[in-house]
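Peer 1: Once you've looked at the hints, dock chain B against the given chain A.
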Amino acid sequence: MNGIYDWERIERIMMETKDSLFNFIYRMTFEKEVAQDIFQETWLKVIKNIERYNPEIPFKIWLFQIAKNLCKDYARRLKTRRRSLEIIRNEEMVKGEKFLPQEEERLRACLSKLPMKYREVIHLRFFEELEYEEIGKILNIPSGTVKSRVNRGLERLKKIWRERK
Amino acid sequence: MKHKNAKRLIIQYLTDTLKGKEKIEFENHINQCKDCKEELEELKEIISVIKRESVVKMDDEVFERIKNIAYKELRENNVPLQKFSPFLVPNLILSLLTFILSNLLFFQFFSKIFGSFSIFVFYLFLLYQFSGITFFLFYLIIKFKGGFENGKI
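Those sequence lines, one after another, are chains A and B.
Counting in the working numbering, the first sequence runs from 1 upward without gaps.
Counting in the working numbering, the second sequence runs from 166 upward without gaps.
Excised from the complex, chain A in its bound form (with noise of 0.2 angstroms):
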């Protein structure tokens, strides 16, 4: 990301990280709209502080950590409203998406009632399969703290699993 006015090598991350970014989005917020704008966001951001990039981190750690950072903004934002990430992600409106499959429902169900530092390793680690350093890095925690939320998100989410089984 040497070209500021490299816009074909941005458009080629964009491609290749679009998936992995939108399900990183919308496993934080459940809901299309809100991935789709934070997604924008996250871009329009990148282009804004690409001269800040530094190039000796990964540009998908730059870019999930700025994703992160607008998730959480959001989540702010609906605290600030008195509707906490976690209360809107109620069981109305996982039940709402009857298109989804069985086992999808069900996961979504649950990692719904985690909450999001939990949700966001877990994703990291098991979707993204990525390092606990790079995760570490994204989230700008130590990679010992990322291993404990792992546990303990893992922990959690088994018995909400089991709940609703």
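Hints are computed from structural coordinates only; laboratory data are not their basis.
Predicted model, so just to flag it, every value in this text is computed and none were measured.
Heads up, a few of these hints could be off.
To be verified - Computed list of lysine-lysine pairs in DSS-like fashion (alpha-carbon distance at most 27 angstroms, straight line): (1) A:LYS159 to B:LYS184; (2) A:LYS159 to B:LYS209; (3) B:LYS172 to A:LYS113; (4) A:LYS72 to B:LYS222; (5) A:LYS159 to B:LYS216; (6) B:LYS237 to A:LYS159; (7) A:LYS117 to B:LYS237; (8) B:LYS222 to A:LYS45; (9) B:LYS184 to A:LYS18; (10) B:LYS222 to B:LYS199; (11) B:LYS188 to A:LYS159; (12) A:LYS117 to B:LYS222; (13) A:LYS48 to B:LYS172; (14) A:LYS32 to A:LYS113.
Peer 2: For chain B alone, coordinates are given in the frame of chain A:
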């Protein structure tokens, strides 16, 4: 390995953070303990669902729209002089003052040396300065704007 310890290590086993002797002991315990094995299978199922389920795909139309917005933003964002905006105005004023003062001084100098030809020589001198400025502006445009595109800067 004790049952309680093994239970505690299930997640670590699944996340590949269990190594060496502890891992072997854990695997030995799992082969004998039905309870731990069930729990391990259950967690494996959860993880496999997380890995397998593609949550949602972004519509191609939406992606194209976002791409266009990003492209537009990139073009708008790369206005070179924005980078120097805090210094641009004082620099321009200073340059203008220097330009006027130096020309006044030079005109006095020319009139003493060239007499009636001084106006002609002074115009040549001005032309020289303007061509320099024009080249400098071209340089700025090419460096920061990335050149000319479809006849537009």
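Peer 1: Does each hint hold? Answer for all of them.
Peer 2: Comparing the hints with the structure gives:
The suggested pairing of LYS159 (chain A) with LYS184 (chain B) holds, with an alpha-carbon distance near 26 angstroms, which does not exceed 27 angstroms. Restraint check: the Cα-Cα separation between LYS159 (chain A) and LYS209 (chain B) comes to about 14 angstroms, which is no more than 27 angstroms; the hinted pair holds. Under the criterion of a C-alpha separation no larger than 27 angstroms, the hint pairing LYS172 (chain B) with LYS113 (chain A) is consistent with the structure, at around 23 angstroms. Our distance criterion of 27 angstroms between C-alpha atoms is met by LYS72 (chain A) and LYS222 (chain B), whose separation comes to about 22 angstroms.
Restraint check for LYS159 (chain A) and LYS216 (chain B): satisfied, since their Cα atoms lie roughly 19 angstroms apart, inside the 27 angstroms limit. The hinted pair formed by LYS237 (chain B) and LYS159 (chain A) fails the criterion: a straight-line CA distance of about 47 angstroms is larger than 27 angstroms. Restraint check for LYS117 (chain A) and LYS237 (chain B): the C-alpha separation of about 34 angstroms exceeds 27 angstroms, so the hint is violated. Between LYS222 (chain B) and LYS45 (chain A), the direct Cα distance comes to roughly 22 angstroms. Compliance with the 27 angstroms bound is thereby established for this hinted pair.
A hinted pair counts as satisfied when its Cα atoms are at most 27 angstroms apart, and LYS184 (chain B) with LYS18 (chain A) does not qualify at roughly 35 angstroms. Our distance criterion of 27 angstroms between C-alpha atoms is broken by LYS222 (chain B) and LYS199 (chain B), whose separation comes to about 39 angstroms. Restraint check for LYS188 (chain B) and LYS159 (chain A): the C-alpha separation of about 24 angstroms stays at or below 27 angstroms, so the hint holds. A distance of roughly 23 angstroms separates the Cα atoms of LYS117 (chain A) and LYS222 (chain B); the hinted pair therefore holds under the 27 angstroms criterion.
Proposed proximity of LYS48 (chain A) and LYS172 (chain B) is contradicted: the alpha carbons are some 48 angstroms apart, above 27 angstroms. At most 27 angstroms may separate the alpha-carbon atoms for a hinted pair to count; LYS32 (chain A) and LYS113 (chain A) meet this at roughly 18 angstroms.
The structure is inconsistent with the numbered hints 6, 7, 9, 10, 13, although it conforms to all the rest.
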